[in-house]
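Participant: The residues making up each chain are set out below.
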Amino acid sequence: MKTNKKSIVLYLGLALFLAAVVAPFASSFPDGLEWVAEAKGFLAKAEVLQIWEHSPMPDYDLRGGHAFGTSISGIVGTILVFVATFVFSRMLSKRRLK
Amino acid sequence: MHIPDGFLSIPVSASAWGITTVYALFAHRKMKEMVVKSMESIPLIACTASFIFAAQMLNFPVLGGTSGHFLGATLATILFGPFIAFLVLSIVLAIQCLFFADGGLLALGANIIIMGVVAPLVASVVLNGLKTIISERWSVLVASWASVVCASLACSLLLSLSGTIAFAIVTPAMLLVHALIGIGEALITAAAVFYLQKTAVWEELKGVEA
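Chains A and B are the protein sequences, given in the same order.
Positions in the first sequence are counted from 1; adding 26 to them yields my numbering.
Positions in the second sequence are counted from 1; adding 89 to them yields my numbering.
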């Protein structure tokens with residue numbers, strides 16, 4: 027049993043395509059939680075803590091906005107998630123079962 | 090939008106981090122067994138995490154002026170079981186929080202409980218419970234929908250425990266909008282599962298579980 031390289035490339039390619047090409051056309055309406063928070067009057071409680079101020083790509087856009095900000099953020103995030111999950115799973119598998 | 094900081098009280102956020110940590114310790118052995126048994130599935134797990142991250146960016150409109158996006162807990166649970174789903178969702182949520190300011194840092198524990206613990210466990214229970222009763226197609230649809238609706242219920246509970254909003258006020262609104270978002274979740278999950286079943290990936294995964 028070995029993993030088919032072609033299906034891996036296709037699968038990751040699909041993720042990158044969604045993040046880079048489709049994401050800029052996503053709906054910008056408030057989502058479920060945001061809509062409820064607005065309707066029920068607690069949206070203002072969302073604190074902009076330092077995490078936001080130091081975030082490299084707040085709200086999936088480059089700082090100050092950019093024509094391709096969403097696509098760039100999407101590609102960076104997709105690759106980051108792939109690498110993090112891969113490395114973490116490898117680490118898990120390397121350590122012996124007690 | 091995931092729960093930002095400020096929506097939850099400090100005790101609720103801290104307890105959520107505590108519960109997440111205990112669950113991670115509990116899930117650790119099961120996750121390790123899975124990846125040790127099938128080293129070959131690691132690239133597929135990483136691809137699925139990437140796919141879920143990308144798909145979560147795609148907000149689709151639901152009822153006037155609102156949107157929803159894919160969660161992916163049921164998809165990950167169908168492919169790898171609820172504990173690898175926990176791992177995948179935790180990584181996605183942590184990266185969304187740290188790099189994209191989506192979801193608060195204090196609230197990350199709560200976001201992980203809602204989307205990485207509750208949603209996959211609900212999906213797992215529903216999938217197993219319905220296995221012998223209805224066709225696989227229908228059980229995938231029902232599990233996806235239920236995972237999103239139960240996650241929104243868990244979110245309502247944490248918001249009300251924090252004293253942010255009364256349970257009786259927030260819950261009907263959260264359930265209503267997520268019952269609609271859950272339909273999108275069900276359709277996307279079913280499409281992904283039935284697409285994967287036609288590829289070699291599926292055979293490999295079933296080999297893993299056997």
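Note that these hints are calculated values from the structure, not bench results.
One should not assume that every hint holds.
Said to hold, decoys possible - Chain A is faced by these chain B residues, among others (derived, beta-carbon under 7 Å):
1) Leu152
2) Ser156
3) Phe189
Note that beta-carbon positions come from the ideal geometry of N, C-alpha and C, so glycine has one too.
Participant: Could you run down the list of hints and mark each one as holding or not?
Facilitator: For each hint, the structure was consulted:
1. Leu152: Status violated, d = 9 Å.
2. Ser156: holds (4 Å)
3. Phe189: holds (5 Å)
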